[in-house]
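Q: Each chain is listed here by its residues.
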Amino acid sequence: MTMPTMLNCPMPKLDFDVITLGHGSGGLLTHRLLEAGVFDVLKNEHLNQQHDGAVLNLNGRVAFSTDSYVVSPIFFPGGNIGDLAVNGSVNDLAMCGAIPKYLSLSFILEEGLRMEEFWEVLVTIRQAADAAGVQIVTGDTKVVEKGKGDHMFINTSGIGELHPRADIRHQRVKAGDRVVVSGNLAAHGMAIMSKRQGLEFETTITSDTAPLNHLVKKLLDQFGEHIHFLRDPTRGGVATVLNEIADLANVGVALHQKFLPIDEQVAGACEMLGLDPLYVANEGIFIAVVDGSVTDDVVTQMRADGLGKNACAIGEIVGAHPGQVILASSIGGKRVVNYLTGDQLPRIC
Amino acid sequence: MKFISEYRDQELVRQYLQEIHRITTRPWTIMEICGGQTHSLVKNGILDMLPNAITMVHGPGCPVCVTPLGIIDEAILLALRQEVILCSFGDMLRVPGSAMSLLEAKARGADVRIVYSPLEAVRLAAEHPEREVVFFAVGFETTAPANALSVVQTDKMGIRNYSILASHVLVPPAMEAILSDPETRIDAFLAAGHVCTIMGMNEYDPIVAKYQTPIVVTGFEPVDLLQGILMAVQQLERGEARLENQYARVVTREGNRLAQDVINQVFDVSDRAWRGIGTIPLSGLEVKGDYSGYNARAKFKLAETAVKENPDCISGEIMKGMKKPHQCPMFGTRCKPEHPLGAPMVSSEGACAAYYQYAQTLHEA
Numbered sequence: 000m001t002m003p004t005m006l007n008c009p010m011p012k013l014d015f016d017v018i019t020l021g022h023g024s025g026g027l028l029t030h031r032l033l034e035a036g037v038f039d040v041l042k043n044e045h046l047n048q049q050h051d052g053a054v055l056n057l058n059g060r061v062a063f064s065t066d067s068y069v070v071s072p073i074f075f076p077g078g079n080i081g082d083l084a085v086n087g088s089v090n091d092l093a094m095c096g097a098i099p100k101y102l103s104l105s106f107i108l109e110e111g112l113r114m115e116e117f118w119e120v121l122v123t124i125r126q127a128a129d130a131a132g133v134q135i136v137t138g139d140t141k142v143v144e145k146g147k148g149d150h151m152f153i154n155t156s157g158i159g160e161l162h163p164r165a166d167i168r169h170q171r172v173k174a175g176d177r178v179v180v181s182g183n184l185a186a187h188g189m190a191i192m193s194k195r196q197g198l199e200f201e202t203t204i205t206s207d208t209a210p211l212n213h214l215v216k217k218l219l220d221q222f223g224e225h226i227h228f229l230r231d232p233t234r235g236g237v238a239t240v241l242n243e244i245a246d247l248a249n250v251g252v253a254l255h256q257k258f259l260p261i262d263e264q265v266a267g268a269c270e271m272l273g274l275d276p277l278y279v280a281n282e283g284i285f286i287a288v289v290d291g292s293v294t295d296d297v298v299t300q301m302r303a304d305g306l307g308k309n310a311c312a313i314g315e316i317v318g319a320h321p322g323q324v325i326l327a328s329s330i331g332g333k334r335v336v337n338y339l340t341g342d343q344l345p346r347i348c
Numbered sequence: 000m001k002f003i004s005e006y007r008d009q010e011l012v013r014q015y016l017q018e019i020h021r022i023t024t025r026p027w028t029i030m031e032i033c034g035g036q037t038h039s040l041v042k043n044g045i046l047d048m049l050p051n052a053i054t055m056v057h058g059p060g061c062p063v064c065v066t067p068l069g070i071i072d073e074a075i076l077l078a079l080r081q082e083v084i085l086c087s088f089g090d091m092l093r094v095p096g097s098a099m100s101l102l103e104a105k106a107r108g109a110d111v112r113i114v115y116s117p118l119e120a121v122r123l124a125a126e127h128p129e130r131e132v133v134f135f136a137v138g139f140e141t142t143a144p145a146n147a148l149s150v151v152q153t154d155k156m157g158i159r160n161y162s163i164l165a166s167h168v169l170v171p172p173a174m175e176a177i178l179s180d181p182e183t184r185i186d187a188f189l190a191a192g193h194v195c196t197i198m199g200m201n202e203y204d205p206i207v208a209k210y211q212t213p214i215v216v217t218g219f220e221p222v223d224l225l226q227g228i229l230m231a232v233q234q235l236e237r238g239e240a241r242l243e244n245q246y247a248r249v250v251t252r253e254g255n256r257l258a259q260d261v262i263n264q265v266f267d268v269s270d271r272a273w274r275g276i277g278t279i280p281l282s283g284l285e286v287k288g289d290y291s292g293y294n295a296r297a298k299f300k301l302a303e304t305a306v307k308e309n310p311d312c313i314s315g316e317i318m319k320g321m322k323k324p325h326q327c328p329m330f331g332t333r334c335k336p337e338h339p340l341g342a343p344m345v346s347s348e349g350a351c352a353a354y355y356q357y358a359q360t361l362h363e364a
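Chains B and U, in that order, are what the protein sequence lines are.
Heads up: the first sequence at position 345 corresponds to 344 in numbering that gives the first Met the number 0, and the numbers run straight through without jumps.
Heads up: the second sequence at position 117 corresponds to 116 in numbering that gives the first Met the number 0, and the numbers run straight through without jumps.
The following block holds chain B by itself, in its conformation from the complex (with noise of 0.2 Å):
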């Protein structure tokens, strides 16, 4: 675990080493966490307020999300509950169609926590806020004892204006739609996987966890209304967000396993495991139902931007078996793609 190459913000020098019941008591140890912390890393003309609640300007038509986060481990190869945090909400607002503009942020922590770790995930909110281009405008601090949490969770809630040209909608998806992946799945569930204990294995895939929403401002900007659906693969993976449009919309997907972008460390690491790319949950890329007629030319786009190097058409949108998704499998035959029942659970052999 090394620290980010944050800025101008070495950690305060506090007398305490690990995150005491006392650091959430609402008392003098919570102010000198705030004070000495959170403000401090996350500061902005409405943080610095310090009121009960941020006060705002928006203009027009808004989208409001709101998210928690327990992954474990916190930290992960390629980032950690910070990231996930705010490109989460983030992402949420995006797939809405909106241009996200404030985040509230408030933490459960577990008492022991250590405070350097405590430290690394809040400037890395700071960083992935910055990188997103939304400020965190209100907040909250709870320790629990011991024992009560997994060192942290996080909640996220955003609200972002609408992009004045989306009408992001399930009535939208019709037959002749194309389906458009922005770029590798897996890589996130993967990279949990292999930090998981006793499930250790060898390997540098790291999770995909990152903002979408440029690369969505600006399909939005040059397709507008072509843009029919949009929504981001995460717990459950592609095939669960499929399965949402095929029943939403009730229309049928036909999906081609040939065209399912997975880098090739993923796709070894997830044969090993026996588990199934599909349901692998992402957090850095999402699904597109686009307009036949502007396919290919969003998959460019898309392409153009470093996020969606990847990206892929890899499915259509057809008016045969409404409600299902039925995926061409890479040797010509078919197979029907359901809903995840519970957890992928590794197999025996």
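Do not take every clue at face value.
Quick list of simulated restraints, FRET-style, between CB atoms [to be verified]:
hint : chain 1 : residue 1 : chain 2 : residue 2 : range
1    : U       : Ala208    : B       : Lys308    : 53 to 61 Å
2    : B       : Lys257    : U       : Ala52     : 23 to 31 Å
3    : B       : Val143    : U       : Glu337    : 24 to 32 Å
Just so you know, the hints here were simulated from the structure itself, not pulled from any lab data.
Just so you know, even glycine gets a beta-carbon here, dropped at the ideal spot from N, CA and C.
Following the hints, complete the assembly by docking chain U onto the known chain B.
A: Only chain U this time, still in chain B's reference frame:
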């Protein structure tokens, strides 16, 4: 991916399929033994690409599916003990016991951990000398060597807080049980490539000779399976019954001698109950008396209890190839992966799970 993509080559698949279609003149029923093969057939859509005359039936080679209810209950009983850390391969967790599954036991506070190798359980035992670590040693001949090795290792290291709850089954006696059942009709077998990697091929000669049934040792990728099916059909069409090896890149006639030795060092062959099928003589492995300190049954004095299977689950008929999953009235209605009546619906190698996950609606259509 080297050594995988070659066996998923669309052109090779096409050629094998064409040849199978060309030479098939009569209906044949072929059983693939291993659940991994079943899943590959269904997941790749191969079943629908074969000639209608060829019926693939899905064999009992799913270790999770054949583990008797009583043993699942034993594992849950152990897991619920304060001092026990129960380690298991992932796919055992959702299998229903008579009152609950290991996953439900975990939710009620049992310390159940998923491991990839029994050696990880050994490490846990070394790290937690105050706890009792029990490894749920499930599987065919494939997982037996590593499980046996964990016992040998702990014995050498002087670790005393480790034991295994063994539920090992053997493939050849199950094939004999299926062939001698008057209600089944299997024309040829695809034997499980992984099992033969360990055990070699010699144990199958007597079965081929006695039942005059072709056996082709077969791998798991689409090209492997189609080549195995082709070899079986070639024999059947010529009226032959031989033991052949499609999976020669991995399987040798002798198998892995070191692995066989460690199995023999730790385990005795014993009678074994198979879930849904019943007791098959000399079809399982039990920890030898010399190592009884590592046998969870002896260590925790587990008494055998009579438990009743859910009468609505027809897993026995499915694993003997007499019925297909979607022919079960409970399939997809009262029995689903999220609330299974039997193990084949939850295991990653179970035939019912394969049909539910990949083919349910294709077959309904």
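Q: Please go over all the hints and tell whether each is borne out by the structure.
A: For each hint, the structure was consulted:
| no. | hint | in the structure |
| --- | --- | --- |
| 1 | Ala208(U) <-> Lys308(B): 53 to 61 Å | holds (59 Å) |
| 2 | Lys257(B) <-> Ala52(U): 23 to 31 Å | holds (29 Å) |
| 3 | Val143(B) <-> Glu337(U): 24 to 32 Å | holds (31 Å) |
Taken one by one, the earlier hints all hold for this structure without exception.
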